[in-house]
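Undergrad: Sequence:
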Amino acid sequence: MTLDPFYPIVDDAGWLPRLLPQGVRLVQLRVKDRPEDELRQQIATARDLCRAAGCTLVVNDYWQLAIEAGCDFVHLGQEDLDTADVPAIRRAGMRLGVSTHDDAELERALALAPDYVALGPVYPTILKKMKWAEQGLDRVAEWKRRVGAVPLVAIGGLTVARAPGVLAAGADVVSVVTDILLNPDPEARTREWVAATRPAATRHAAT
1 MTLDPFYPIV DDAGWLPRLL PQGVRLVQLR VKDRPEDELR QQIATARDLC
51 RAAGCTLVVN DYWQLAIEAG CDFVHLGQED LDTADVPAIR RAGMRLGVST
101 HDDAELERAL ALAPDYVALG PVYPTILKKM KWAEQGLDRV AEWKRRVGAV
151 PLVAIGGLTV ARAPGVLAAG ADVVSVVTDI LLNPDPEART REWVAATRPA
201 ATRHAAT
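Start counting the sequence shown at 1; every next residue gets the next number (full-length UniProt numbering).
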């Protein structure tokens, strides 16, 4: 499968009316520590906004609510996999992305036949405290050799300037959080990301 090469992650559906008009075609909703009713509303709102914009929505973690809402893509971290019912996710027709950080996690992810594998952090990140050191571009290239046709998502410390090197190393998709959400002009930064990565989409479509 082919995914858009630019993959922002937002922590609230309220970001979507701002970012979707800038050309976002793939986005993850990563909402944490909210009551279930609010989570349900966040997912439903994001679903409707993304469908109207022709954007693929990936729901982080809350796979049961994503199934309930009729979403078609979920992302699970390694801890999420411990409790997730992956067969139920597949029976619902949902696509699955999985986070990986080391060899054991990659093998676990590939055994699930994921629709993408995420590797991070490629560079140091301020998003959250990580027990893994930065992976670097050599690891990106190694992971791509190992995952083959499965799309590889690179995440962690990415900037517009770093994106071309990460894509050249083998990543199919670059994912970003703080470079947009903490930017004084998120809309303008999103347009920069789209401009920097869209040539990669053209190359992928031609192969």
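Please keep in mind that the hints were generated in silico from the structure rather than gathered at the bench. Note that beta-carbon positions come from the ideal geometry of N, C-alpha and C, so glycine has one too. It cannot be assumed that every hint is accurate.
Unchecked claim - Simulated restraints on C-beta separations:
1) Glu79 <-> Asp12: 19 to 25 Å
2) Val160 <-> Lys32: 35 to 41 Å
3) Pro164 <-> Ala133: 38 to 44 Å
4) Arg51 <-> Asp12: 15 to 21 Å
Undergrad: The structure should be examined with respect to each hint, and the outcome stated for every one.
TA: Okay, the hints, checked on the actual structure:
no. : hint                          : in the structure
1   : Glu79 <-> Asp12: 19 to 25 Å   : holds (22 Å)
2   : Val160 <-> Lys32: 35 to 41 Å  : violated (26 Å)
3   : Pro164 <-> Ala133: 38 to 44 Å : violated (23 Å)
4   : Arg51 <-> Asp12: 15 to 21 Å   : holds (18 Å)
In this structure, the earlier hints numbered 2, 3 are contradicted, and the remaining ones agree with it.
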